[in-house]
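Enquirer: Which chain is which? The protein sequence lines are A and B, in order.
Take the first sequence: its letters are residues 602 to 801, numbered as in my numbering.
Take the second sequence: its letters are residues 270 to 632, numbered as in my numbering.
Simulated from the structure, these hints should not be mistaken for lab results.
Errors might be hidden in some of the hints.
[Said to hold, decoys possible] Mimicking DMTMM-like on lysine to aspartate or glutamate, the simulated pairs with C-alpha atoms at most 25 angstroms apart in a straight line are:
no. : chain 1 : residue 1 : chain 2 : residue 2
1   : B       : K625      : B       : D596
2   : A       : K740      : B       : E627
3   : B       : K460      : B       : D557
4   : A       : K695      : B       : D435
5   : A       : K665      : B       : D421
6   : A       : K665      : A       : D615
7   : A       : K695      : B       : D538
8   : B       : K460      : B       : E423
9   : A       : K768      : B       : D435
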Amino acid sequence: MQLCTVTSDFPIDDRTIEACQRGDSEGFRLLFEVYKDRVYSIALYYFNGDEASAHDITQQIFLKLLTHISQFESRSEFSTWLYRMVANACLDRKRTLRRFLSFDGSRVDEIPEARRSIEDKVIQREREASIRLAISGLKPKLRMAILLKHFEELSYDEIAVILGCSKGTVASRLNRGHQILAQKLAHLRGAGSRDGILEE
Amino acid sequence: MFKNHVTHSLSSYLHGELSADAAMAVQTHLADCSRCRIALEEVRFGIRLVSTLQQVEAPESIWNEIHSASKMQNAAKHKMHWPDRMLAAGIALAFVLAFNLFLHSHVPNVPARGDLASWEVSSVRGTPRIGRLQLIGTGRLRPGDSLQTNADSEAAVRIADIGQLDLDPNSRIRLISSNSDQHRIALERGKMTARTWAPPRLFVVDTPSSTAVDLGCIYSCEVQRDGSTLLHVTLGLVALDFHGRETIVPAGAFCRTRPDGGVGTPYFDDSSELLQTALNYVDFGKDDVERARQLDIVLREARPRDTLTLWYLIPRLREPLRAATVDRMATLVPRPQTVTRGGVLTLDANMMDLWKAELERVW
Numbered sequence: 602m603q604l605c606t607v608t609s610d611f612p613i614d615d616r617t618i619e620a621c622q623r624g625d626s627e628g629f630r631l632l633f634e635v636y637k638d639r640v641y642s643i644a645l646y647y648f649n650g651d652e653a654s655a656h657d658i659t660q661q662i663f664l665k666l667l668t669h670i671s672q673f674e675s676r677s678e679f680s681t682w683l684y685r686m687v688a689n690a691c692l693d694r695k696r697t698l699r700r701f702l703s704f705d706g707s708r709v710d711e712i713p714e715a716r717r718s719i720e721d722k723v724i725q726r727e728r729e730a731s732i733r734l735a736i737s738g739l740k741p742k743l744r745m746a747i748l749l750k751h752f753e754e755l756s757y758d759e760i761a762v763i764l765g766c767s768k769g770t771v772a773s774r775l776n777r778g779h780q781i782l783a784q785k786l787a788h789l790r791g792a793g794s795r796d797g798i799l800e801e
Numbered sequence: 270m271f272k273n274h275v276t277h278s279l280s281s282y283l284h285g286e287l288s289a290d291a292a293m294a295v296q297t298h299l300a301d302c303s304r305c306r307i308a309l310e311e312v313r314f315g316i317r318l319v320s321t322l323q324q325v326e327a328p329e330s331i332w333n334e335i336h337s338a339s340k341m342q343n344a345a346k347h348k349m350h351w352p353d354r355m356l357a358a359g360i361a362l363a364f365v366l367a368f369n370l371f372l373h374s375h376v377p378n379v380p381a382r383g384d385l386a387s388w389e390v391s392s393v394r395g396t397p398r399i400g401r402l403q404l405i406g407t408g409r410l411r412p413g414d415s416l417q418t419n420a421d422s423e424a425a426v427r428i429a430d431i432g433q434l435d436l437d438p439n440s441r442i443r444l445i446s447s448n449s450d451q452h453r454i455a456l457e458r459g460k461m462t463a464r465t466w467a468p469p470r471l472f473v474v475d476t477p478s479s480t481a482v483d484l485g486c487i488y489s490c491e492v493q494r495d496g497s498t499l500l501h502v503t504l505g506l507v508a509l510d511f512h513g514r515e516t517i518v519p520a521g522a523f524c525r526t527r528p529d530g531g532v533g534t535p536y537f538d539d540s541s542e543l544l545q546t547a548l549n550y551v552d553f554g555k556d557d558v559e560r561a562r563q564l565d566i567v568l569r570e571a572r573p574r575d576t577l578t579l580w581y582l583i584p585r586l587r588e589p590l591r592a593a594t595v596d597r598m599a600t601l602v603p604r605p606q607t608v609t610r611g612g613v614l615t616l617d618a619n620m621m622d623l624w625k626a627e628l629e630r631v632w
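Turn these sequences into a full structure, and let the hints guide you.
Expert: See below:
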């Protein structure tokens, strides 16, 4: 698992979408490069670091895009359409996992972090694992709202369209989700960290 | 001041989603309310925790697999030159004609290539039937065909290229049409669960008592022997239509419909049993005195979240039941300042929408 060092921020405009709809492989590659890490990360954190699930969902989403992009109408935002597919795919897989496996959320896969001392790395990994575990313990509705807000910085209106609910419901889910995380991870308040992220 | 805590607005406040006036109101309240300040710090800490999550790079192997799949598709399309294709098409046509009778009288599970209107069906358990033919493994469902399961069988159906449908035991669906504008089936009996990833309003299910229009979601639909239908939405929204009257059912809610009574009132799956039973009579009961008594139970049992039910009941009730419902709803979730009791009682659309926006916070 590799952390991203470069964020793909190329805008995907109507011309890129039209090129993909005509079957232009370069256009599709651009689309893939812009969105692959975001889709993968959302799925990865949704499934508490389960790389196999994140891999499958990312592949499934882009294969669907490849075959269905002709159905996309530019009257709605492309990213809204894409993330609705991601949200549905995550829920779908969760249902399947629940049916066939006992998904106890106890995986603690590691996201490597370079350039830190060994102790710092261990502390950092433990903290990240705690946060991931707490997020994976949230109700799916709260979890997806939080991941869409964090990774995509979407507005509440955009998240509402993706999740098929009102803006007020999004606000309520984010409010509840963040409060639950704060309560579950209260022991991390003031936790020493060089970047001070968790320091009160 | 302290009656109007701002805990529900804190996330919006910190994410800059409030209007300047609303943000100012929150700020003013926070200055004097220690309870909300504590909640604010909690939400802020939650956001800070999430902000430590880093984006992870997707493995390159994903692109390679997608690329390979794409190449295989293209190769299959363009492999043959046109004279070869013509020859192959001739042979295939002869083959199809020769075997058509055999296929239709024995096994329905041979896919018709290029038949975009037909849907792939697989047997999940036992031997479902497409029409009179037994389905072993996979088969195709074409417009006009019925797919039926008995007590020992279940089936999975690909809804064209927009989703999937699971058909429970003792159920029957009929494919009405399937094209790029709309995919439509009739659920004649039993239960199905649909999951779609298409734009809204592309997948439509007719039942004996209503029409369910997918707005991008996961939901189940069950038709009982008397033709009544129970819809349960798990994700997203479903619009239920009965003679042009549309009811939007949100995630977590049920809605019942009956051939003689149309669409009932939506209610959340965690509402009390008393509420659900009483609501069933309010929706479909005939005796006005008893309906009033049952409505009283609904109002008594309603929690703030059950204002979903009350909001949909208001236009369906006459006075004095309507006023009682409006008043109860106001005690659960206060009306916005610009919404008057009189306006709601006369079903002023603007006021109804304004109040609904407030109610949706707790739905």
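Enquirer: Look at each hint and say if it fits the structure.
Expert: Hints, verified against the model:
1. B:K625 <-> B:D596: holds (15 angstroms)
2. A:K740 <-> B:E627: Holds, at roughly 23 angstroms.
3. B:K460 <-> B:D557: violated (32 angstroms)
4. A:K695 <-> B:D435: holds (16 angstroms)
5. A:K665 <-> B:D421: violated (33 angstroms)
6. A:K665 <-> A:D615: Holds, because 19 angstroms separates the two Cα atoms, which is no more than 25 angstroms.
7. A:K695 <-> B:D538: Status holds; Cα separation ~20 angstroms.
8. B:K460 <-> B:E423: holds (10 angstroms)
9. A:K768 <-> B:D435: Violated, because 31 angstroms separates the two Cα atoms, which is more than 25 angstroms.
Checked against the numbered hints listed earlier, the structure breaks hints 3, 5, 9; every other hint is satisfied.
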